[in-house]
Amino acid sequence: MCEGKQVDVQDLSINAPRIETPEDETNLTLMEAMERNTIIQMLKETGGNKLETAKRLGIGRQTLYNKIKAYGIET
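Our numbering puts the sequence shown at residues 1 to 75.
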């Protein structure tokens with residue numbers, strides 16, 4: 001916990017657990033796994049339309065492509 005009435009950055013240091021996903025054997029943090037799953041779900045909802053997926057996620061198209069590659073998402 002924190003030592004005073006104010007929370008400092010050091011008080012917020014979180015060691016995110018690493019998890020294994022069945023689709024990808026690489027270890028991902030919980031945040032990465034959630035992001036990966038969100039991208040996969042959004043791609044399904046848009047019928048694989050990457051431009052629409054990027055718009056719905058509020059990110060650029062190139063950012064989406066980079067994340068798809070980084071997370072090993074097959075499209």
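Treat the hints as calculated values from the structure; they're not laboratory data.
Possibly wrong hints are sitting among the right ones.
Distance condition first, Cα-Cα at most 16 Å in a straight line; then the derived EDC-like pairs of lysine to aspartate or glutamate [stated by the list, open to error]:
(1) Lys69 <-> Glu35
(2) Lys69 <-> Glu32
(3) Lys69 <-> Glu45
(4) Lys5 <-> Glu35
(5) Lys55 <-> Glu74
(6) Lys55 <-> Glu45
(7) Lys55 <-> Glu32
Here the structure is a predicted model, which is why all the values come from computation and not from measurement.
Structure-based check of all given hints:
1. Lys69 <-> Glu35: Status holds; Cα separation ~13 Å.
2. Lys69 <-> Glu32: Holds, because 13 Å separates the two Cα atoms, which is no more than 16 Å.
3. Lys69 <-> Glu45: Cα-Cα ~19 Å, so violated.
4. Lys5 <-> Glu35: 33 Å, violated
5. Lys55 <-> Glu74: With Cα atoms ~19 Å apart, Lys55 and Glu74 exceed 16 Å; violated.
6. Lys55 <-> Glu45: Holds, at roughly 13 Å.
7. Lys55 <-> Glu32: 19 Å, violated
The structure is inconsistent with the numbered hints 3, 4, 5, 7, although it conforms to all the rest.
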